[in-house]
Amino acid sequence: MKNEFQVIAELIEKDKKVLDVGCGDGILMEFLKNNKNTNIRGLEISKSKVQECIAKGLTVIEGNAEKDLKQFPDKSFEYVVLSQTLQAFLNPELVINELLRVGKKAIVTIPNFGYWRVRLHLLIKGTMPITKTLPDEWYNTPNIHMCSIKDFVYFAKSRNIKIFKSLAINNQNVSIINDRNLTIKNFFADLGIFLIEK
Amino acid sequence: MNTENNIKTLIVKKPLKLDCGKTINEFPIAYETYGSLNKKKDNAILVFHALTGDQFVTGLNPITKKDGWWSYAVGPDKAIDTKKYFVICANVMGGCMGSFGPSHEDPNTGSAFGTNFPVITINDMVNAQYNLLDHFGIDKLFSIAGGSMGGMQVLQFISNFPDKAKTVIPIACTSSHSAQNIAFNELGRQAIAADSNWKDGDYSSKDSIPNKGLAVARMAAHITYLSKKGLQEKFGRKLQEREDLKFGFDADFQIESYLRYQGSVFVDRFDANSYLYITRAMDYFDLAKQFKGNLSDAFRATRAKFFIISFTSDWLYPTQENKDIVIALNSIGADVGFVEIESDKGHDSFLLDVPDFLSALKNFLDKSYTEN
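So the protein sequences, as listed, match chains A and B.
The numbering of the first sequence is this note's numbering, which starts it at 1 and goes up by one.
The numbering of the second sequence is this note's numbering, which starts it at 1 and goes up by one.
If you're looking for bench data, these hints aren't it; they were derived computationally from the structure.
Glycine included, C-beta positions come from ideal geometry on N, C-alpha and C.
It is possible that some hints are incorrect.
[Stated by the list, open to error] Quick list of simulated restraints, FRET-style, between CB atoms:
id, chain 1, residue 1, chain 2, residue 2, range
1, B, Gln320, A, Glu197, 51 to 59 Å
2, B, Ala179, A, Tyr154, 48 to 56 Å
3, B, Glu186, A, Glu66, 37 to 45 Å
4, A, Lys2, B, Glu256, 52 to 60 Å
5, A, Ser158, B, Glu186, 55 to 63 Å
6, B, Leu187, A, Asn35, 15 to 23 Å
7, B, Asn38, A, Pro73, 35 to 43 Å
8, A, Asn160, B, Glu186, 54 to 62 Å
9, A, Glu197, B, Glu186, 47 to 55 Å
With the hints as constraints, model all of the structure from the sequences given.
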């Protein structure tokens, strides 16, 4: 399981009810179910990935986060997880609002557009950055609303969203982001993980 | 119809109050089973059939001598694996394969009920079939499953008996029959009524049954079970055993010939009055209405695990109607999974060899069973 999922799983206590938005093939769901006794549900847009989840015995709904989150009642999950998909939505702000409505807390991870390799790629090559976490070309990327760790922190502040915990991942290293080191983490981390609440 | 042979029948001797207000005191339910019930009696699956189905789910139907209607899905090693599960299916009330229906003899007159048979509902059907649980000594079914009208029965069953099934699989169905579907059913009924042999349902003399009307009803309905793309790919404008158009009203096109054939074989196995009664039951189905307009309330008492399946090209029970059930379940935090299967085969997809559907069904059942 990738490091990111390990970090997400550590943020979630045992025996909670969790919704994984954009759950993919259900790796994180399966881990939470087996190791944290999580009552876990998934929402996934890809039919083939929904099939993979069903084959793992996971409860998944085929659907689109921008349209289908509204069917869940307020605060019906302890945690709602959104892993590396915020940047792919037409309206990320609306999705964040929905995550925080449906979940008591939300865990959001973002590929950091402030990462030094991303900056360097654009600076030196003058073309849209391609990295391990952002592997697509500009013309076929699903990512239409990229942001940096700093952007996300500023966004949360402007919307009165509480950030309980923010973590930076750089390769295998996980570190805590705080007000003092924000600029540095925004430069060196390729992924940001945020535990938020409203 | 002489269908007495090869039909297992449970005679229910408990009064059943029907939605129409009448009470029936003793009635037969014809059923069939596949596989065997284990010692713990925790491997039973009650399958519900659709409008024109019957209890003969798989293998050779002893009456029609054709494959059972869900042969692709049910059988040894299939999605609903009869090596593992005990599958029960009953002919619905109002049907014509041995269960209490309009072709049964009315004790008051000595001839068939015909349209004197009470109008029955999906609710009446599942209440009647519930007696099979007692008959087999099953406290809780492992699963209930069905497509189309079978799916409606699944929804009604779990609503009526919330703790009697662990898993619930409504397929290609709806919680409330749409105006379009009522319209199609009415077309079928009017086709039957327009046949001079129908005689207000009193056609028990075998030589004059409303075959033509019933065949037209079937032809019209059959179109709704397919998709435009599926029809176009299978038939297009291909001609039927001729080089060119004949400038007449014979079946020039293969699609015409195909529909005529579907109509003609249908009348050999189905009763026109049953067609009226069962389509009526579908039209009356509105689960939300039973709960003052709140569909979620229909499922509030159950802890069962739901798996809802729809098909992309099904325009009779489109994905959105299936999703409405998912939404109602999610809004009360029920355990519900949902997938829309890609298929060009229209509403009939659930009866056909659609691998993604069959693997989803199998995976859901087998995984849920091991978690038991």
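Hints and how they fare:
{"no.": "1", "hint": "B:Gln320 to A:Glu197: 51 to 59 Å", "verdict": "violated, 33 Å"}
{"no.": "2", "hint": "B:Ala179 to A:Tyr154: 48 to 56 Å", "verdict": "holds, 51 Å"}
{"no.": "3", "hint": "B:Glu186 to A:Glu66: 37 to 45 Å", "verdict": "holds, 39 Å"}
{"no.": "4", "hint": "A:Lys2 to B:Glu256: 52 to 60 Å", "verdict": "holds, 58 Å"}
{"no.": "5", "hint": "A:Ser158 to B:Glu186: 55 to 63 Å", "verdict": "holds, 58 Å"}
{"no.": "6", "hint": "B:Leu187 to A:Asn35: 15 to 23 Å", "verdict": "violated, 56 Å"}
{"no.": "7", "hint": "B:Asn38 to A:Pro73: 35 to 43 Å", "verdict": "holds, 38 Å"}
{"no.": "8", "hint": "A:Asn160 to B:Glu186: 54 to 62 Å", "verdict": "holds, 56 Å"}
{"no.": "9", "hint": "A:Glu197 to B:Glu186: 47 to 55 Å", "verdict": "holds, 54 Å"}
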